[in-house]
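2 protein chains.
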Amino acid sequence: MAKQALILAGGAGTRLWPISRALYPKQLLKLFGNKTLIQHTFSRLKKILPPQNIFIITNPTFKEDVFLQLKDLGLVKENILIEPAQKNTAPAIAFATQKIMEKDKEAIILTSPVDHFIKPDSEFIKDAKIAFRSATKNFLVTFGIKPTSASSEYGYIGLKLGRAERPIKKISAFEVKRFTEKPDPQEAQQLISEGYLWNSGTFVWKGKTIMAEIKKYIPRVYRALKSPRLFNKLNPVSIDRGVLEFSKKVRIVPATFEWQDIGSWKTLYQILPKNSARNILNEKVLELDCHNCLIQGTQNRLVAAIGLDNLVVVDTEDAVLVSHLDKTHQIKGLLEKMKLNNAPQYLKHPTVSRPWGSYTVIEEGDNFKVKKVLVKPKEKLSLQLHNKRSEHWVVLKGMAKVELDKSTIYLSAHQSIDIPIGIKHRLENPNKDFLEIIEVQSGKYLGEDDITRIKDKYQRLEI
Amino acid sequence: MAKQALILAGGAGTRLWPISRALYPKQLLKLFGNKTLIQHTFSRLKKILPPQNIFIITNPTFKEDVFLQLKDLGLVKENILIEPAQKNTAPAIAFATQKIMEKDKEAIILTSPVDHFIKPDSEFIKDAKIAFRSATKNFLVTFGIKPTSASSEYGYIGLKLGRAERPIKKISAFEVKRFTEKPDPQEAQQLISEGYLWNSGTFVWKGKTIMAEIKKYIPRVYRALKSPRLFNKLNPVSIDRGVLEFSKKVRIVPATFEWQDIGSWKTLYQILPKNSARNILNEKVLELDCHNCLIQGTQNRLVAAIGLDNLVVVDTEDAVLVSHLDKTHQIKGLLEKMKLNNAPQYLKHPTVSRPWGSYTVIEEGDNFKVKKVLVKPKEKLSLQLHNKRSEHWVVLKGMAKVELDKSTIYLSAHQSIDIPIGIKHRLENPNKDFLEIIEVQSGKYLGEDDITRIKDKYQRLEI
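Chains as they are written, first to last, in the working numbering: chain D, 1 to 463; chain E, 1001 to 1463.
Because the hints were derived from the structure by calculation, they are not lab data.
Any given hint could be a false lead.
In silico lysine-lysine, DSS-like type, Cα no more than 27 Å apart, as pairs [stated by the list, open to error]: (1) Lys1274/E <-> Lys327/D; (2) Lys378/D <-> Lys1369/E; (3) Lys284/D <-> Lys1284/E; (4) Lys1444/E <-> Lys1424/E; (5) Lys63/D <-> Lys47/D; (6) Lys372/D <-> Lys1388/E; (7) Lys1137/E <-> Lys1047/E; (8) Lys372/D <-> Lys1397/E; (9) Lys284/D <-> Lys1332/E; (10) Lys1372/E <-> Lys284/D; (11) Lys1397/E <-> Lys397/D; (12) Lys372/D <-> Lys1284/E; (13) Lys1226/E <-> Lys1077/E; (14) Lys1444/E <-> Lys372/D; (15) Lys1372/E <-> Lys369/D; (16) Lys129/D <-> Lys160/D; (17) Lys1369/E <-> Lys369/D.
Isolated chain D (complex conformation) (with noise of 0.2 Å):
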């Protein structure tokens, strides 16, 4: 009966836009701190038990870079489970839940979302072995958080305190007397007097316990587990409406760490550190007379703000968001006409980091693609060919060692090269100083997928 964790990444967490992207989520980005946010649920739970021992329920799309982003940190390729669907949180959980038990079937497992601000650790790790011993005995155990506002978003948790009512200073897991998941703000209002706490979303619980729970509460969810044809006709749905609200197993440990979930604008600038006109701002701002606004600039660009209070400024590479720090969730309207639209803002960046370095995307057009491409020291792209694709190479800065078919060839600024449709090629940066090159791509098709890799430094060799 070992302890195993899980971390729930599939989510697209677009409320960030424009720095997240349909197709480079939040989790992937270093929102505060030096790590992205799946590297700091990976290290947080790596205090807890071994990193072989942590899962990731990920989309196909994401699950390069949350490899990238987490082998040195230990985490096993294999941990890396792919949902069949994008279905909420039940669906997945109950995916990777199984698949977790055909390596332990006793397994006890701490689910975690990915998009979590947890503060301290040694609080965090401290309740968790409160909630594992919980959930030795059956139960389904989430961490419950004292209420900052009266908010719409959250489950609230009422406790069973026993027959005297008294106060939680001795933390245990406590039975729950009622969870209203999302109420009204008059209702949570209530709730919030009446003592009641937020479901966090993290948990523990044994496999088993929770398997048998969906198999009561949402069985449509556990049969569709034997047929990926009925996964993905199943109807989304959130654990906590599936199965939290109606299980007589829920446990709470009132959680002694500082939480935020980092859904929106406005709650990352409420956990980043505030200068004293409460703005947040980076290098690439330029500012006078603003108040209580974050506002983040971007290479190569410039913001420059004048006399704004309770704003949020985000620019980015391609597209720059303006929105007063109470409305940033409305950015979801805007998404879904930009997704109507196919603005290629909603689903990518023009810049992609690549464990060699990065690309950006400079113009595309009907047959060809300008990218400008960096090339970080010592580093090499796959040995690689394209079929639908030539490529012509030259070199702005540095010195390109260039594999193209059996010849070596090297090449320093301003000199190019050919790449024709088929040929095996590798690019490569022999030297300590970066390499940088515009590569114009030619052909009917120039998708990133068209790319047959043959040897792989970073052992991508599928997409």
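For this one, chain D is given, so just place chain E on it according to the hints.
Just chain E, lined up with the frame of chain D:
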């Protein structure tokens, strides 16, 4: 004694940053309608006098662009006068008036700023006729504008209405009771209640009259006309502070036209048409719940705006301004910072318009520069050579006809060519579709002025 006109177009107009830049000021921009400010002004004056009688004073940096924008409207190249140094309006007017009088000693000159919104032209023409008539009698005639706010930006002029005060109905040129330049708001309010008018900054006078008054009231300016060295050492002085405030010869024609000095985003907001939420938006803006805003996006980028009120958001390729509508004048302070930091956003845009199309600087580094070059159908660049750089062209789209030394080469998409240092070359688009190329420049010096033009369709034999 012919009617002449002089357009003052030397100002930097950085108050409309980020669309105006130190090297590309507001007079060259299309801010409303289908014309740039200088084209609006030139077109209006053409309704009063022949184009060969219209002079422009500007500085060397803007000369080329001024000519390109006005040649189709009939501007004679020799009528572009270059001010020896930027010393505000009095020295510029003195210098230009002297030049005009070399051609027409008896000239009566309508002197106009370049950045005023005037509507309708028919009223302006009517008022100008009265002003020209009065100017023949050796008066310095200005147009008086009915104030719309107690602004401290303008000169206020009180009219002598004769023995019996009477409403100004019949338009005529009036004597001046008092001239007060830039009063504080309280005094301005008082002056407005006494019926004072704003000095429009557009004047009509005989060359002889204004030169005599300059000699009388600011003799140092008059003397400086004889010596570039003295001109350079002049303290800047406006014609209002230097002459108008003191001269006994000032006469006022109360304007019947609508007038606005386009001095800031705020004034631009005031004159542009607004939607039902009093917003001014363009097609690059996605917006929810915004009111009283000017929001302007730019090509290849997107602005998402949520819940804004009374804001200006102006996005450009490399910078975005977000300002409270009433505080846009503070941009000056931020521009000073940019200048100090050598921010490229202070000086110019990444995309530069040319008569044959445009180019965008995509990337700049030590010894290299990457440009995307767009050539319009059937247009060609000058036959040119560079002494300090080689170039490498890759065609992205369309067909390129390249003259290189003595040969002519045709390149289609994905083909490339090297242009060595010192070799004559010319790029032409022979087709009916746009030609797009990537140009990689290489060399120790990559300034735009390293160009020797041998032949040019657009007569740009100097820079």
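Against the structure, the hints:
no., hint, result
1, Lys1274/E <-> Lys327/D, "holds (23 Å)"
2, Lys378/D <-> Lys1369/E, "holds (24 Å)"
3, Lys284/D <-> Lys1284/E, "holds (23 Å)"
4, Lys1444/E <-> Lys1424/E, "holds (19 Å)"
5, Lys63/D <-> Lys47/D, "holds (23 Å)"
6, Lys372/D <-> Lys1388/E, "holds (24 Å)"
7, Lys1137/E <-> Lys1047/E, "holds (23 Å)"
8, Lys372/D <-> Lys1397/E, "holds (18 Å)"
9, Lys284/D <-> Lys1332/E, "holds (18 Å)"
10, Lys1372/E <-> Lys284/D, "holds (25 Å)"
11, Lys1397/E <-> Lys397/D, "holds (25 Å)"
12, Lys372/D <-> Lys1284/E, "holds (25 Å)"
13, Lys1226/E <-> Lys1077/E, "holds (24 Å)"
14, Lys1444/E <-> Lys372/D, "holds (22 Å)"
15, Lys1372/E <-> Lys369/D, "holds (12 Å)"
16, Lys129/D <-> Lys160/D, "holds (21 Å)"
17, Lys1369/E <-> Lys369/D, "holds (19 Å)"
In this structure, every one of the numbered hints holds.
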